[in-house]
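**Q** Next come the chains, spelled out residue by residue.
Protein chains: 2
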Amino acid sequence: MFKPLLSLTGGLIATVAVGIAQAKPLSQEDLSVAEVLRDRALSSSNAYSIVESLTVEVGPRRAGTEGDQRAVAWAQEKMKALGFDRVYTEQINVPRWTRGHAHAQVTSPFPQPLVVSSLGYSVATPAGGLTAEIIEFPDVEALQQAPAKQVEGKIAFINKRMEKARTGEGYGPAVQGRSKGMRAASEKGAVALLLRSVGTDSDRFAHTGMMSINAIENPVPALALSAPDANLLEAMLKRGKPVQVKLDIDNQRHTDGPSFNVIGEITGREKPEEVMIIGAHLDSWDEGTGALDDGAGVAIVMETARLIAELPERPRRTLRVVLFGAEEIGLVGAKQYVDAHLHELDNIVAVSESDFGAGKVWRFDTRLPESKFDIADQMMQLLAPLGIERGNNTSYGGPDSSVFVARGVPAFGLYQDGTDYFDYHHTPNDTLDKVDPENLRQNVAAWVVMSFLTTEMEGNLGRVPTSVK
Amino acid sequence: MFKPLLSLTGGLIATVAVGIAQAKPLSQEDLSVAEVLRDRALSSSNAYSIVESLTVEVGPRRAGTEGDQRAVAWAQEKMKALGFDRVYTEQINVPRWTRGHAHAQVTSPFPQPLVVSSLGYSVATPAGGLTAEIIEFPDVEALQQAPAKQVEGKIAFINKRMEKARTGEGYGPAVQGRSKGMRAASEKGAVALLLRSVGTDSDRFAHTGMMSINAIENPVPALALSAPDANLLEAMLKRGKPVQVKLDIDNQRHTDGPSFNVIGEITGREKPEEVMIIGAHLDSWDEGTGALDDGAGVAIVMETARLIAELPERPRRTLRVVLFGAEEIGLVGAKQYVDAHLHELDNIVAVSESDFGAGKVWRFDTRLPESKFDIADQMMQLLAPLGIERGNNTSYGGPDSSVFVARGVPAFGLYQDGTDYFDYHHTPNDTLDKVDPENLRQNVAAWVVMSFLTTEMEGNLGRVPTSVK
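One line per chain: the protein sequences are C and E, in this order. Just so we're aligned: 167 in UniProt numbering is position 167 of the first sequence, and the numbers increase by one with no gaps anywhere. Just so we're aligned: 100 in UniProt numbering is position 100 of the second sequence, and the numbers increase by one with no gaps anywhere.
Treat the hints as calculated values from the structure; they're not laboratory data. Predicted, not measured: the structure shown is a model, and the values here were computed from it. Any given hint might turn out to be false.
Any copy will do: because identical chains look the same in the list, a pair fits if it lies in one copy or spans two.
[What the hints assert, rightly or not] Once the Cα atoms are required to be at most 27 angstroms apart in a straight line, the calculated DSSO-like pairs of lysine-lysine come out as:
#, residue 1, residue 2
1, K241, K80
2, K180, K154
3, K246, K154
4, K360, K372
5, K372, K246
The task is simple: from the sequences and hints, build the whole structure.
**A** Rendered as structure tokens:
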């Protein structure tokens, strides 16, 4: 019962129409408290302060780097300062890599420099660089199907454009070239891969990102080209003469090393062993300051927990904020987390992650047993006034959450407007100025509704079908 | 008389209301031809092809570099292909400089890399770089007025923001820091200058550009910071601890060398010695491909001349397209051009330059004797339908044109919408995709009206007051 809160917040609490109370899983009182939290979120600028602090005081924090270590220290200090009950880390093991210089230039027929960025874990060129003719493919499938003798000794250039969409749905098709392109280039005897950036901007930034690098015998250097540079190569090739490019790349792969998932808890008052996980990832790519990806998410979930910790009473079950390490290089932190927590998976009542920038939440997706849909419907009463519509039940809850969902953990997805997200994603241009403080407030308001009601509700959410056998 | 044209263009020619013909300086026939040319410009994509060719086949072309040499060759070939009567070059003398690497990073209290670009002709740091505390100034005037002992041994950081405006009027105040900042830093004993970029974007591009470098005894390295990086330093400084930055810059100044103004003429049929100059500058900064600055201008004036050259008859006087060299480093080509052409200045009836990007023309400014205002009024009849309003009589006709105007040559200014121009100006992001083909057509339409009528009209435009004694 929330008597202390009710008296504390007094007149602030508006009546939420929930029909006949006993027929619904969420109580009128819980909804009223959630509404107060929502409105507090809308007038707090603390989430913005958190992402400001992370980007200014830490900045780039690729897994396994010194920046990553600083981020881990920062996150623990910040959670303690915000009033979490328990703050701790869990070590994970991450592959490490040093990014050196990446110089590229057309040497013939029209000498010009190109703006490129090494894709994650790309090998170097031979010292002094390599020069070869480029051969263009509309997508990775075309490269995979090309006769090897057409490709041998050349630089494969995958020139696929990504479509812009609020849902970010252009990413899936476009990212194939990044995940599989280097392997395909290597198998066809290409000496390197040049990839039109997986991005929706037309700025001269190359978008880095992870490749699939496992079990490739002869990895070749792999680079993203900015959109204007891909246009340039395309225009040169249209003129019909061979286009020669010189690449000079200096990267290094290292042995694995430690990183950490950083965890902060608001301990449940009645069922502390039952846990809702709300996550974001702490690591970032190394060319920007990771404001959108995923500083905003870090800020949203930390501020959500802080608002709940400010209540006079702890919620019924535990709210666990997990800042995953090494998400960018393959959900490394989430996979190792789940492996280490198999024993308590049944007690994880739900999972959700914020990792799609800082746009307004516009849709509330779920992955729940059908019998629990009415809980989502009740949450919608408080989410709808934030401009959020009810979505589908196929949410995977965010990238890291998907590892939990695959094992039957129910998930919530507060879908952000991602129209501009891939303009900045994985570029040097992912910086604080791209975060709108107003949008961030709206995000926290939605998150605190969902998180409070899930940790406070009487029943639980059951399990969803697993995809891991 | 334009009989052949009139019969050629036949039904295309609409009637232009000009009142009583003999009271007006421009004839009905000339206005009719100008209208045909305007409408041809609106349906031609040739200007876009020209800027595409320059950016793809040449790209960066800073004065005195190999790219500059390629641009000079490209311009001559292109003018010949477009049907100019005479194509030639005039040698100029330019200071030369090599841009090496520019690395900057905060070393304490929050280690992070910074995105910077050397300002034009910046000296290098000592080998291995230099590390010093930064000291912030709101503008160059504050640095000039600071006590030297506050500044000595530090890196001066000028943190002035530029206002966005259609007219670009924020540039004047903001650019003071770039032109005078390094001198002021040197005089106060600073070890380097960091300047918030003179630009209106919030992207992680530093804006390079020229400094005043004459007669500075102890030049210090001078760098532009991207706006997000200037924000970052500002945010770190607000935390109250000293901020240390390491700079590692590798540039080199050289002895002067040759470059060229490239000139193409459509020779006048009656008064070939009387000349209208329409100009743009051929050089660009070296980090972008110079699409907006000033590939668009090059394309606009070349296409204007080509359209006039397609007429069955040459206009009465000569139309001279001058592609100035070395504009970016101090109007070098224009100054040397005027010095070499003092003998014919009286025969230069008017000058105009396109050098403000590729936005739509929205205003028609002039610098004419008052007695000639009616000519501009008549031109306005054909410009107004393009969405152009009549402006003022204080135009300097563009940067290079200003050297002519100072000596009494009348000028026209077709003012472009510059709202976004300084988002891209002098950055790697000045690339072809920023040029809107539709806007380019509208520009050429306005230019061809002004250029045809000025080269064809019966009388001339007189002189304007000189500012050079």
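**Q** Going through the numbered hints above, which ones does this structure break? Give me the numbers in ascending order.
**A** Hint 5 is the one this structure does not satisfy, whereas the remaining hints hold.
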